[in-house]
Amino acid sequence: MKNEFKVIAELIEQDKKVLDVGCADGTLMKFLKDNKNINIRGLEISKDKVQKCIAKGLTVIEGNAEKDLMQFPDKSFDYVVLSQTLQAFLNPEKVINELLRVGKKAIVTIPNFGYWKIRLHLLTKGTMPITKTLPDEWYNTPNLHMCTIKDFVHFVKSRNIKIFKSIALNNENVSSINDTNLGVKNLYADLGIFLIEK
Amino acid sequence: MNTEKNIKTLLVKKPLKLDCGKTINNFPIAYETYGSLNEKKDNAILVFHALTGDQFVTGLNPITNKDGWWSYAVGSNKSIDTNKYFVICSNVIGGCLGSFGPNHKDPETQKVFGTNFPVITINDMVNAQYNLIEHFGIDKLFSIVGGSMGGMQVLQFISNFPDKAKTVIPIACTSSHSAQNIAFNELGRQAIAADSNWNEGNYNSKDTIPDKGLAVARMAAHITYLSKKGLQEKFGRKLQEREDLKFGFDADFQIESYLRYQGSVFVDRFDANSYLYITRAMDYFDLGKQFNGNLSDAFKETRAKFFIISFTSDWLYPTQENKDIVIALNAIGADVGFVEIESDKGHDSFLLDVPDFLSALKNFLDKSYIEN
Chain P
36 MKNEFKVIAE LIEQDKKVLD VGCADGTLMK FLKDNKNINI RGLEISKDKV
86 QKCIAKGLTV IEGNAEKDLM QFPDKSFDYV VLSQTLQAFL NPEKVINELL
136 RVGKKAIVTI PNFGYWKIRL HLLTKGTMPI TKTLPDEWYN TPNLHMCTIK
186 DFVHFVKSRN IKIFKSIALN NENVSSINDT NLGVKNLYAD LGIFLIEK
Chain W
354 MNTEKNIKTL LVKKPLKLDC GKTINNFPIA YETYGSLNEK KDNAILVFHA
404 LTGDQFVTGL NPITNKDGWW SYAVGSNKSI DTNKYFVICS NVIGGCLGSF
454 GPNHKDPETQ KVFGTNFPVI TINDMVNAQY NLIEHFGIDK LFSIVGGSMG
504 GMQVLQFISN FPDKAKTVIP IACTSSHSAQ NIAFNELGRQ AIAADSNWNE
554 GNYNSKDTIP DKGLAVARMA AHITYLSKKG LQEKFGRKLQ EREDLKFGFD
604 ADFQIESYLR YQGSVFVDRF DANSYLYITR AMDYFDLGKQ FNGNLSDAFK
654 ETRAKFFIIS FTSDWLYPTQ ENKDIVIALN AIGADVGFVE IESDKGHDSF
704 LLDVPDFLSA LKNFLDKSYI EN
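Each protein sequence line maps, in turn, to chains P and W. Heads up: the first sequence runs through residues 36 to 233, numbered per this note's numbering. Heads up: the second sequence runs through residues 354 to 725, numbered per this note's numbering.
It is worth saying that the hints were derived from the structure and are not from the lab. Careful: at least some of the hints might be erroneous.
To be verified - Restricting the straight-line Cα-Cα distance to at most 25 Å, the calculated cross-link-like pairs of lysine to any residue (SDA-like) are: (1) W:Lys658 to P:Ser81; (2) P:Lys110 to W:Lys653; (3) W:Lys720 to P:Ala59; (4) P:Lys91 to W:Asp434.
As the list claims (entries may be wrong) - To give an idea of the interface, some chain P residues facing chain W are shown, with a C-beta separation under 10 Å as derived from the structure: (5) Arg76; (6) Lys82; (7) Val85; (8) Ile89; (9) Ala90; (10) Thr94; (11) Val95; (12) Ile96; (13) Asp103; (14) Met105; (15) Lys197.
Each residue gets a CB set at the ideal place from its N, CA and C atoms; glycine is no exception.
Taking the hints into account, I'd like the entire structure generated from these sequences.
Next comes the structure, spelled out in structure tokens:
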């Protein structure tokens, strides 16, 4: 299981109720269910991936986060997880609001466009950056709204959303982000993980 | 069609109060079982059939000598694996394959009921079938499963008996019949009524049946079970055993011949009055209405795990109507999974060889049974 999921799993206490939005093949869901006795639900847009979740015995609803989060009542989950998909929505702000309405807390991870390799790629090659976390070409990427760790921190602060934890990930390296090291983490982390609440 | 010797029946002695106000008692429920009930009695699955189905889910149907209606899904090593599970299915009341229906004799008059049979509802059907669970001494079913009208029965069953099933699988169905659904059913009923043999439902005494009307009803309904794309790919404008158009009203096109065939074989196995009663029960179905318009309230007493399945090309019970059930369940935090299966086979997809559907059904059941 990838490091990102290990970090997310550590943020969630035993026996909680969790919704994984864009749960893909259910890897994180299965881990949370088996290791932390989490009452876990998934929302996934791809039929193939929904089938994979069903084959793992996971409760998944085929649907689109931008439309289908609406059906869940306020604060009906302890945590709502959104892993590396915020940038793919037409309206990320609306999705963040929905995550924070449905969940008591939300865990959002973003691929960091401020990562030095991305900056260097654009600077030296002058073409849209392609990395491990962002493998697609500009013309076929699902990502519509890329942002940096700094952008995300500024965004949540401007919306009066509380940040409980900010974590920077660079391969195996996990570190916490604070006001003083934000600039450095924004350069050295390829992924940001945020525990937020409104 | 001598059916009696191949039909198992349970005679229900307990009176059943119907939604129409009448009470029935000493009525038969015809049923069939597959696989065996284990010692803990925790492996039973109650399957509900659709409009024209019957209790013969799989294997050879001894009445029609054809495969059971859900042979793709139910059987040894299939989605509903009869090596593992004990499958029970009964003919709905109002039906014509042994359960109490309009082709039975009224004990008071000793005449065939015909349209004197009480109008029944989906609620009445599941309340009648509940007697089978008691008959087998099953405290809790492992699953209840059904497509189309079978799915409506699944929804009604778990609403009536919230702690009697661990898993609940309504397939290609709705919680409330739409105007379009009612319209197509009315077309079928009017086709039957327009056949002079129908005679207000008293055809049994004359020994002539309204086969033409019933065949037209079936033809119209059959179109609603398929998709435009499926029909186009299978038939297109292909001609039936002829080089060119004949400038007449014979079946020039293969699709015409196919529908006529579907109509003609149907009348051999189905009773016209049953068709009226069962379509009426479907039209009356509106689960939300039973709970003052709040569908969620129908499910608030149950802890069961739901799995809802729809098909992309089903325009009779489209995905959105299935999703409305998912939404009602999510609104109360119920355990509900949902998948829409890609298929060109229309509403009939649930009866056919649609591998993604069959594997989803199997995976859901088998994984849930392990966690049982």
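Hint by hint, here is what the structure shows:
A hinted pair counts as satisfied when its Cα atoms are at most 25 Å apart, and W:Lys658 with P:Ser81 qualifies at roughly 22 Å. Taking the CA atoms of P:Lys110 and W:Lys653, the gap is near 18 Å; set against the 25 Å cutoff, the hint holds. Note on W:Lys720 and P:Ala59: the hinted pairing holds, with a Cα-Cα distance of about 19 Å set against a maximum of 25 Å. With a C-alpha separation of about 18 Å, the suggested pairing of P:Lys91 with W:Asp434 holds against the 25 Å cut-off.
Against a cut-off of 10 Å between C-beta atoms, the interface hint on P:Arg76 holds, since the closest Cβ of chain W lies about 8 Å away. Restraint check, P:Lys82 versus chain W: the minimum CB separation of about 6 Å is within 10 Å; hint holds. With a least beta-carbon distance of about 5 Å to chain W, the hint placing P:Val85 at the interface is held under the 10 Å criterion. Residue-level restraint check for P:Ile89 holds (minimum Cβ-Cβ distance to chain W is 5 Å; threshold 10 Å).
Of the supplied interface hints, the one on P:Ala90 holds, with its beta-carbon coming within about 5 Å of a beta-carbon of chain W, less than 10 Å. Hint status for P:Thr94 relative to chain W: holds, with the closest Cβ pair at about 5 Å, below 10 Å. For P:Val95, the suggested interface contact is upheld, since its CB lies about 5 Å from the closest CB of chain W, less than 10 Å. A hinted interface residue such as P:Ile96 counts as satisfied when its beta carbon comes closer than 10 Å to some beta carbon of chain W; here the least separation is about 5 Å, so the hint holds.
A least Cβ separation of about 8 Å between P:Asp103 and chain W falls short of the 10 Å threshold, and the interface hint therefore holds. This hint holds: P:Met105 has a C-beta 9 Å from the nearest C-beta of chain W, less than the 10 Å allowed. Taken as an interface hint, P:Lys197 does not check out: its beta carbon lies about 25 Å from the nearest beta carbon of chain W, beyond 10 Å.
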